[in-house]
Amino acid sequence: MDHRDEINSILTGASGWTRAEILGLVDEGRGTLDPRIYTDERLYQLELERIFGRAWIFVAHEAQIQKPGDFFATYIGEDPVLVVRQKDASIRVFLNQCRHRGMKLCRADAGNARSFTCSYHGWAYNTAGDLVSVPFESDAYFNEIDKKQWGPVQTARVEVYKGLIFATWDHNAPSLDAYLGEAKFYMDAFLDRMDGGTEVIGGVTKWVIGCNWKFAAEQFCSDMYHAPVSHISPTIAALPDGIPAEFAKWPDKGIQFRATAGGHGTGFFSGPEKFIPVEEREDRLLLGLIGPQAGKYYARESREACRERLGDVRADRINGAHMTIFPSLSFLPGVQTLRAWHPRGPNEIEVWALTVVDKNAPPEVKEEYRLGVMRTFSVGGMLEQDDGENWVMIQKGLRGFKSRQAHFNSGMGKGHAKADDPDWPGVIGNVYGEEAARGFYAHWGKMIATDDWASLYPAEVKTKAAE
Amino acid sequence: MSSQVTKASPALPAVTPQLQWELEQFLYAEADLLDRRRYRDWYAHLAEELHYRMPLTFNRQARERDHEYSRDDESFLFDDTKATIHIRLKRLETGQAWAEEPPSRTRHMISNVRVEAGDAPDSFIVHSYFHLYRSRLERQVDHLVGGRTDLIRRAPTPLGWEIVTRDITLDQSTVLSNNLSMFF
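Chains as they are written, first to last, in my numbering: chain A, 1 to 467; chain B, 1001 to 1184.
Read the hints as simulated data drawn from the structure, not as lab findings.
Do not take every clue at face value.
Covered stretches of chain A, going by a simulated chain B footprint (3 or more residues, C-beta under 8 Å) [said to hold, decoys possible]:
1. 101-114
2. 202-210
3. 377-384
Have a look at the derived ranges for each label pair, beta carbon to beta carbon [to be verified]:
4. A:Arg101 with B:Arg1065: 43 to 51 Å
5. A:Gly345 with B:Arg1139: 17 to 25 Å
6. A:Asp146 with B:Arg1139: 47 to 55 Å
7. A:Gly345 with B:Glu1049: 39 to 47 Å
8. B:Arg1036 with A:His407: 43 to 51 Å
9. A:Ile243 with B:Ile1110: 52 to 60 Å
10. A:Pro68 with B:Pro1121: 51 to 59 Å
11. A:Asp195 with B:Leu1089: 36 to 44 Å
12. B:Asn1112 with A:Arg107: 41 to 49 Å
13. A:Gly345 with B:Arg1065: 29 to 37 Å
14. A:Pro80 with B:Leu1089: 34 to 42 Å
15. A:His121 with B:Pro1121: 35 to 43 Å
16. A:Pro80 with B:His1131: 41 to 49 Å
Glycine is no exception: its CB is placed at the ideal position from the N, C-alpha and C atoms.
Assemble the whole structure, with the sequences as input and the hints as a guide.
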């Protein structure tokens, strides 16, 4: 009986949550969040099904799979998938699961393969994911198995945006272009600053944090506010000896972007000036933490070329940015870390982090990014260590009864954001604000509660980047 | 080279028991400095040209097994110099390094120490295993296990030795800790 309008899960049946209840967990009008969004097991199952099972999910950078047969093993939500470069240079993304008894087909992290042969009973698939060989096909199956029907489950669509490969399980999903929408304008300041685009430093850094995936995704979407407090220690420690700690002050001017629809967000420091010498840029501290050559390259040497590609606004006025593409892809332009937050139950994530660099940057700059990212934003990085501490402590607290009842305040800057900025697409608020967080959570609720994509992405949302 | 991928023929140590004992005692004393949070005293035993590295650990197919650890131009978990170790140490001294404030309790258990002659009379290649136990706040526990290959030489430091290079391998391809805020 469905008189409560419960959302029906394909896997679990009635979810125990009605659409109205889901939408009520995130109250934009009051600016509150119900902490149960971070802990409830049934909500988590709905997320796997209705968010990770439908949305465009980042799976790899193209540079990770360059030659035919190159593969990268990753996850869409909790589903293991293989991302494989095909002979015709196209990309397939399919479930890393044998259709016979569900054994993981490929247990290597990455590599080059001619085929994927299951190590349980020997069913063998080509790199496109077609079942090509079954042991004892005539004696055991009497040649009656229709191998065409038994390839691993393929994602519905795979599309690439400026080097980043995304896949979706949903045939009805909008194009990746429409899904990213206004966010592309800001993504380009990370992925398309220079001719040749980006590549990656080899190796994915993976670690586990005992927290809900939304804490991580939301922070990179919307939270510059934590940086001056959470990350005070490396900013002090990186100052040359003899410089007073007051110099570690973080900038205060900047803006935040909330996607009009879609849940994406970014924020960065930004003044009205067109040209700021690198020594006075508001992200000089961050760039200094990466390294002097990388900082000079990013802020000075590559600037003219970047201006020609992207224009003054994006070349000069995006400093020290953080960004999340809904639901679980985040990156830091300038610092050049990119990561997927893979959910592992409501209480845990795996962080999979990559270092992304301009392909045509000088070798010494790439080397400084290789070193600088691992020393700042990585499991041993001097900034990221503190994020792990915060999120774990929040999640532990949410085991309580009362701690899950008192709503959190997500109202910073509510009512002070504006659309129709001449320079910046989307809804624009203050860099220290939660406009993008409210957009992220509102979209999260809608995506669980809403079946049809058309109402998630109203046609009237025009995108500057597409013009 | 990472401590786990040496291809040399198996051989028993060619050093004297006295030297083996001295180097073992140095490793224990150094571990004790870290576990007592005497980071400045530990730092005094790092050579000026220190290279301190921990590659990523990958799961690879048999024919790509030579790529089980990061290559030099790939991402590492640590790739530090004495100067960057100094920044990490200063960070811990701010009192606002929240991942270590209040501080963790650690025990560096060092074993399987094997010594080879280095290419100078007073420098030695020292292989060891570590089991780094971390207890943090109320009940967080981390176990980090791996191997180290150090280049250690005699020097006018309080303990009489200094670490020139330290190549660390961690036996987890996905690090099961929320951060690596400790020294290895």
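Going down the list of hints, with the structure as the test:
Given as covered by chain B, the segment 101-114 of chain A passes the check, having 7 residues with a CB less than 8 Å from a CB of that chain where 3 are the minimum. Residues of the segment 202-210 of chain A with a Cβ under 8 Å from some Cβ of chain B number 9, which satisfies the need for three, so the listed coverage holds. For the segment 377-384 of chain A, the assignment as covered by chain B holds, since 5 residues bring a beta-carbon within under 8 Å of that chain's beta-carbons and 3 suffice. As the Cβ distance of Arg101 (chain A) to Arg1065 (chain B) is approximately 27 Å, the hint placing it in 43 to 51 Å is violated.
The hinted window of 17 to 25 Å between Gly345 (chain A) and Arg1139 (chain B) holds, with their beta carbons roughly 19 Å apart. Look at Asp146 (chain A) against Arg1139 (chain B): about 54 Å separates their beta carbons, and that is inside 47 to 55 Å. Against the hinted window of 39 to 47 Å, the Cβ-Cβ separation of Gly345 (chain A) and Glu1049 (chain B) comes to about 45 Å, which satisfies the hint. For the hinted restraint 43 to 51 Å between Arg1036 (chain B) and His407 (chain A), the CB-CB distance of approximately 44 Å keeps it satisfied.
The supplied range of 52 to 60 Å is broken by Ile243 (chain A) and Ile1110 (chain B), whose beta-carbon atoms lie about 38 Å from each other. In this structure the supplied range 51 to 59 Å holds for Pro68 (chain A) paired with Pro1121 (chain B), their Cβ-Cβ distance being about 53 Å. For the hinted restraint 36 to 44 Å between Asp195 (chain A) and Leu1089 (chain B), the CB-CB distance of approximately 41 Å keeps it satisfied. Remark: the range hint 41 to 49 Å for Asn1112 (chain B) to Arg107 (chain A) is contradicted by a beta-carbon distance near 28 Å.
The hinted window of 29 to 37 Å between Gly345 (chain A) and Arg1065 (chain B) holds, with their beta carbons roughly 32 Å apart. Distance hint check: the CB atoms of Pro80 (chain A) and Leu1089 (chain B) are about 40 Å apart, consistent with the given range 34 to 42 Å. Judged by the Cβ atoms, the range 35 to 43 Å given for His121 (chain A) and Pro1121 (chain B) is violated: they are separated by roughly 60 Å. For Pro80 (chain A) paired with His1131 (chain B), a C-beta distance near 30 Å fails the hint of 41 to 49 Å.
The earlier numbered hints that this structure contradicts are 4, 9, 12, 15, 16.
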